[in-house]
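Novice: Listed below are the residues making up each chain.
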Amino acid sequence: MNRPDPDALLARVQSETSTRTRGKLKIFLGYAAGVGKTYAMLQAARQRKEQSIDVVVAYAETHGRQETDALLEGLEILPRKTIEYRGVTLSDMDLDAVLARKPQLALVDELAHTNAEGMRHPKRVQDVLEILDAGIDVYTTLNIQHLESLNDVVAQITGVYVRETLPDSILDTADDIELIDLPPEELLQRLRDGKVYVPEQAQRALNKFFRQGNLTALREMTLRRAAMRVDDQMRDYMRTRAIPGPWAAGERLMVAVSASALGEKLVRRARHLADELNAAWFVVFVETREQLRLSQSQQDQLARTLHLAEELGAQTQTLAANEIVPALMDFARAHNITKIIAGKPLRPRWQEFLRGSLVQQLIRASGEIDVYVVSAQAESAAQSLRASWRPHAPFIRYVYAALLIAAATILSLLVDPFLSNTNLAMFYLLAVVIAALFLGRGPSVFASVLGVLAFDFIFVPPLLNFAVNDTEYVLTFIALFAVGLVVSELTARVREQADAARQREQDNAALYALSRDLAVTANSKDILRALETNAALVFDRRVTILLPGKTGKELKPIAGDGAELAENEYGVALWAYEHGQTAGRDTDTLPAAKMRFVPLKTARGILGVIGVTRSDESKPLSPSQRRMFDTFASLVATAIERIQLADTARQAQVRQETEELQNALLNSVSHDLRTPLVSITGALTSLQEDAALDDATRHALIENARGETERLNRLVGNLLDMTRVEAGALHLRLEPSDMQDAIGSALEQLERRLQGREVRVQLPEDLPLVPMDFALIVQVLVNLIDNALKYSQAPIEIRAHAQSTQIQVQVLDRGIGIPSAELPYIFDRLYRVQRPEMVSGTGMGLAICKGIVEAHGGTITAENRLGGGTLITFTLPLKNISDATKRG
Amino acid sequence: MAEGARILIVDDEPAIRRFLKTVLTAHGYTVFEATRGEEAISQVTAQRPDAIVLDLGLPDMDGVQVTRVLREWLQTPILILSVRGSEVDKIAALDAGADDYLTKPFGSGELLARLRVALRRAAKNANEPIFQTGALKIDFAKRVVMMNENEIQLTPTEYDLLRALALDAGKVLTHHHLLRAVWGVGYDEEMHMLRVNISNLRKKIEPDATRPRYIVTEPGVGYRLRVSE
Chain L
17 MNRPDPDALL
27 ARVQSETSTR
37 TRGKLKIFLG
47 YAAGVGKTYA
57 MLQAARQRKE
67 QSIDVVVAYA
77 ETHGRQETDA
87 LLEGLEILPR
97 KTIEYRGVTL
107 SDMDLDAVLA
117 RKPQLALVDE
127 LAHTNAEGMR
137 HPKRVQDVLE
147 ILDAGIDVYT
157 TLNIQHLESL
167 NDVVAQITGV
177 YVRETLPDSI
187 LDTADDIELI
197 DLPPEELLQR
207 LRDGKVYVPE
217 QAQRALNKFF
227 RQGNLTALRE
237 MTLRRAAMRV
247 DDQMRDYMRT
257 RAIPGPWAAG
267 ERLMVAVSAS
277 ALGEKLVRRA
287 RHLADELNAA
297 WFVVFVETRE
307 QLRLSQSQQD
317 QLARTLHLAE
327 ELGAQTQTLA
337 ANEIVPALMD
347 FARAHNITKI
357 IAGKPLRPRW
367 QEFLRGSLVQ
377 QLIRASGEID
387 VYVVSAQAES
397 AAQSLRASWR
407 PHAPFIRYVY
417 AALLIAAATI
427 LSLLVDPFLS
437 NTNLAMFYLL
447 AVVIAALFLG
457 RGPSVFASVL
467 GVLAFDFIFV
477 PPLLNFAVND
487 TEYVLTFIAL
497 FAVGLVVSEL
507 TARVREQADA
517 ARQREQDNAA
527 LYALSRDLAV
537 TANSKDILRA
547 LETNAALVFD
557 RRVTILLPGK
567 TGKELKPIAG
577 DGAELAENEY
587 GVALWAYEHG
597 QTAGRDTDTL
607 PAAKMRFVPL
617 KTARGILGVI
627 GVTRSDESKP
637 LSPSQRRMFD
647 TFASLVATAI
657 ERIQLADTAR
667 QAQVRQETEE
677 LQNALLNSVS
687 HDLRTPLVSI
697 TGALTSLQED
707 AALDDATRHA
717 LIENARGETE
727 RLNRLVGNLL
737 DMTRVEAGAL
747 HLRLEPSDMQ
757 DAIGSALEQL
767 ERRLQGREVR
777 VQLPEDLPLV
787 PMDFALIVQV
797 LVNLIDNALK
807 YSQAPIEIRA
817 HAQSTQIQVQ
827 VLDRGIGIPS
837 AELPYIFDRL
847 YRVQRPEMVS
857 GTGMGLAICK
867 GIVEAHGGTI
877 TAENRLGGGT
887 LITFTLPLKN
897 ISDATKRG
Chain U
884 MAEGARILIV
894 DDEPAIRRFL
904 KTVLTAHGYT
914 VFEATRGEEA
924 ISQVTAQRPD
934 AIVLDLGLPD
944 MDGVQVTRVL
954 REWLQTPILI
964 LSVRGSEVDK
974 IAALDAGADD
984 YLTKPFGSGE
994 LLARLRVALR
1004 RAAKNANEPI
1014 FQTGALKIDF
1024 AKRVVMMNEN
1034 EIQLTPTEYD
1044 LLRALALDAG
1054 KVLTHHHLLR
1064 AVWGVGYDEE
1074 MHMLRVNISN
1084 LRKKIEPDAT
1094 RPRYIVTEPG
1104 VGYRLRVSE
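Which chain is which? The protein sequence lines are L and U, in order. Just so we're aligned, residue 17 is where the first sequence starts under my numbering, counting upward by one. Just so we're aligned, residue 884 is where the second sequence starts under my numbering, counting upward by one.
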């Protein structure tokens, strides 16, 4: 009879789904051509092939080197794709062939390669990403100078500008990086020996490149990048396991960028600094009114800069403001920035004096924050002029307003002979409108007042006197003044509306950022982290999420990092939760509390509350910020609801699987329980009812019935043990125990079954005491010896010896062994090796052994012996396992 | 006095009481029955049994508690019936003064043998100068241990341990009991000392230390010096 094995079913489903996941990327990273990346890659591939991994060479460039060519032998090489392009035959990797062939591992040399025209993607890295998406692992090679963030530095060091660049993120997301290193002297020697392939046309450039100093610098850069990645992995590891570490409270950098080419350079520099300082970094662009009129190329430049920043791992933020420096400083203070990086545009001194340099203002305003100024050689003065022609210092604007009026006056004087006085007022009006447009409300009002006065003083008789002869002029004055006021008011209003629109856009961006972060969360801790990051960014607040516990009458913080609430704060949280209303600080309910609690409302009810902490210095949230925060809360509520629903679905699935398992167990048990009962009942009824039986038959019946009761007893014992193991209710009473004693006890228990069977016990004299639950380990030994008895006739051997940190016990028989295909499953519950009919068992014995041994922190394995038979080995650690599993 | 002795059976399961009564009566014992702890205590007073077979799981009170109550004024041997896995309860009952235990299910032969040993020990007058079982002989007066007439050299601790086991030969002695008897109060946690000494003792007196004949381990409970009948 063949019972279904639920575990095997489950395993198959899991393996099927896992094949659909993304492939793994391994990069062989070197600092220059010729260090042996391709060679190393091919060697690694050959090793994988020996492990019967399906390896295919999608593209390899050996440059005709014999040693490397030799490695290609025996590997499957896909033919390249050739295409005719404008009369030239070009060949490159055949992406479709790789995807169609679908190997487990594809080798793709030279990741930074730019594809031939006409291929699907312009860059090879895009091909590689597509291959990875198809679930194929990729090995590839890369030289450090192709990394985007190092591009400038490499160019500076070597004087060679590398055009084929890759975003740093490819290195960061690679699953594995192997550093291929070679001392520069050896590389140069190889170069001299002609072992490094150098294309003819690039000979001169490369000679310049391959210099000891260059190579050493590149090598250092490569080693540092690799070390940094190891660091990152460590940090990721610590973060995913919630190990508290020193990463949070470090430096925070802010880069102020403009729409100039200098931005990209600033961003790259900042990434280096951020990496070195292990700091979080922000790239900030302040959008003022002038920036609305950026040229198309400037807007592109800005987009490129911000995109690069994101690629390099920065958080980017666009701030809408009238004044650049105050906006930057507000952001810096709100985000606890410790260092500001800004560019130094080249500009004539007189301009700086007249209009005030941004950097100067920044330095003056920065206070305790360090300001780093990066020089900009690339930027032309013309560009920088255009980028910020609007004066930054406010008082200067009044001077400008005055100058405008002066200009109007001069113009009026020039045309005075030809025009009537009232028409001259139009020049002043024009000046006021210009002032309103470009200088803001104050300067324009100032201009209109000044204009009226100047007009009166210079052009209205009596001349050079503020007195007015003709009352008609009063109307002109009023009109001039009124128009000035109205124009400046209207302009200001338009600007405010633009500001509001920009604010809305920023809010939307913040909401988008949060919902994007929440979309990828898988558990409540992720949600908390997403909320923490975004809330800190937008509101400068720390947050906690409290969810109800099992009883529904208590609230518990999600993360345990000191998020325990004081009792009165907890009371406020509970109130907010029960009433579905915001309570605590900055509200009408219980405002004395330190925190503010916002309920998480969904259609299904209130899921919990968000607690918001503000430091005593920080301002209360503005009404619009408050609305914004409520939106945050509802986003978080939806995310939590989604996770809870997913949890419910998962639990239902687990319940179903458990049910299936229970059914299988029930089937098995009802069979195994009935069989002995049938024999016993049969024997007893025969004895009672059949008087004709002779003594020998009676004796045989009784003996059989007795054997069956023992079997029944073992089965019930196994069931109890199994239940305990399954339920995790295995409480170990660890005591230093003598393994010899345990073996003796096990043999004692099996005494009846051991009649006439030889058991050889080989133990060293000096076996140490082992911390173990004596009774349970005896149970393990009984099960193992019992199995050996069942499946073999020859003597059974038991051996034990101590290794440095563990004791190893082996039970050996010379029985029929276990088919090797079944070896991996024999410790699964209910698994029984297909055996002759006469041998009975429940398939639980070995699963129980595994459960007990693993609860001790040990291992258990089975193998077939040379010459037939089975060898079961289990180990127990000699050092006490953690106190958590220890009792009394 | 083995035959004809009066035995009190305390168990709430009628099937088990019936089985015990059948077996014991067939071997000439006089059997009384009780189904509950309270009833057991009153039966002991009324019937004055020579031995008590007591189930650990009783409906009204714990078997351990019954043992404790009885031991306040009674020396009658108590044999505990229990199921596998309740080592903690067994130890508690033994420490409370029970003489031995049987794990269900058990054979009638095993039950009768344990009962005989318990009755014999109860009848024996204390402190015989020489103990002997199988090839093992202990002369308490001379502090000499002999195996097949050959003197065996024991350390003082090993001797004390063997003596403690021999004085209550046939009875299960808990780890706790042995540690107190040999090392004294305050050594309750020093289990490894007991293990090491038992191991050494076995190497000296057992013919095959991996299959001990004299010092038997009761897994999770303690040790017993097996007496040949």
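Rather than coming from a laboratory, the hints here were simulated on the basis of the structure. Possibly wrong hints are sitting among the right ones.
Some chain U residues near chain L, calculated using beta-carbon distances under 8 Å [to be verified]:
no., residue
1, 904
2, 916
3, 918
4, 1074
5, 1078
6, 1083
7, 1090
8, 1100
9, 1102
10, 1103
Label pairs and their in silico Cβ distance ranges [as the list claims (entries may be wrong)]:
no., chain 1, residue 1, chain 2, residue 2, range
11, L, 713, U, 1026, 28 to 38 Å
12, L, 715, U, 908, 35 to 45 Å
13, L, 702, U, 911, 51 to 61 Å
Listed below are the simulated EDC-like cross-link pairs for lysine to aspartate or glutamate, each with C-alpha atoms no more than 20 Å apart in a straight line [stated by the list, open to error]:
no., chain 1, residue 1, chain 2, residue 2
14, U, 987, L, 764
15, L, 806, L, 675
16, L, 895, U, 1073
17, U, 987, L, 726
18, U, 1087, L, 675
19, U, 987, L, 110
20, U, 1087, U, 993
21, L, 139, L, 110
22, U, 904, U, 1022
Every residue, glycine too, gets a C-beta built ideally from N, C-alpha and C.
Novice: Now tell me if each hint is right for this structure.
Specialist: Taking the hints in turn, this is what the structure says about them:
The interface hint given for residue 904 (chain U) is broken, as the beta carbon of that residue sits about 19 Å from the closest beta carbon of chain L, more than 8 Å. Taken as an interface hint, residue 916 (chain U) does not check out: its beta carbon lies about 24 Å from the nearest beta carbon of chain L, beyond 8 Å. Contact between residue 918 (chain U) and chain L, as hinted, is not supported at the beta carbon level, the nearest pair being about 24 Å apart and thus beyond 8 Å. For the restraint placing residue 1074 (chain U) at the interface with chain L, the shortest Cβ-Cβ distance is roughly 5 Å, inside the 8 Å limit, so the hint holds.
For residue 1078 (chain U), the suggested interface contact is upheld, since its CB lies about 5 Å from the closest CB of chain L, less than 8 Å. Checking residue 1083 (chain U) against chain L by beta carbon gives a least distance of about 10 Å; that is not within 8 Å, so the hint is violated. Interface restraint check: residue 1090 (chain U) against chain L, minimum CB-CB distance 13 Å, threshold 8 Å, status violated. This hint holds: residue 1100 (chain U) has a C-beta 5 Å from the nearest C-beta of chain L, less than the 8 Å allowed.
For residue 1102 (chain U), the interface hint holds, the least distance from its beta-carbon to any beta-carbon of chain L being 4 Å, beneath 8 Å. Among the interface hints, the one on residue 1103 (chain U) holds; its C-beta lies about 4 Å from the nearest C-beta in chain L, closer than the 8 Å criterion. One distance hint, 28 to 38 Å for the beta-carbon pair residue 713 (chain L) and residue 1026 (chain U), is violated here, with the actual separation near 57 Å. Restraint check, residue 715 (chain L) to residue 908 (chain U): a C-beta distance of roughly 24 Å breaks the suggested window 35 to 45 Å.
At roughly 30 Å, the beta-carbon separation of residue 702 (chain L) and residue 911 (chain U) lies outside the given 51 to 61 Å, and the hint is violated. A C-alpha spacing of about 17 Å is found between residue 987 (chain U) and residue 764 (chain L), which places the hinted pair at or below 20 Å, so the restraint holds. Restraint check for residue 806 (chain L) and residue 675 (chain L): not satisfied, since their Cα atoms lie roughly 31 Å apart, outside the 20 Å limit. Annotation: proposed proximity of residue 895 (chain L) to residue 1073 (chain U) holds, straight-line Cα distance about 17 Å (limit 20 Å).
Note on residue 987 (chain U) and residue 726 (chain L): the hinted pairing holds, with a Cα-Cα distance of about 11 Å set against a maximum of 20 Å. Proximity of residue 1087 (chain U) to residue 675 (chain L) is assessed by CA-CA distance (about 55 Å); at most 20 Å being required, the pair is judged violated. A threshold of 20 Å between alpha carbons decides the hint, and for residue 987 (chain U) with residue 110 (chain L) the separation of about 74 Å lies outside it, so the pair is violated. Annotation: proposed proximity of residue 1087 (chain U) to residue 993 (chain U) is violated, straight-line Cα distance about 28 Å (limit 20 Å).
With a C-alpha separation of about 13 Å, the suggested pairing of residue 139 (chain L) with residue 110 (chain L) holds against the 20 Å cut-off. The suggested pairing of residue 904 (chain U) with residue 1022 (chain U) is violated, with an alpha-carbon distance near 40 Å, which exceeds 20 Å.
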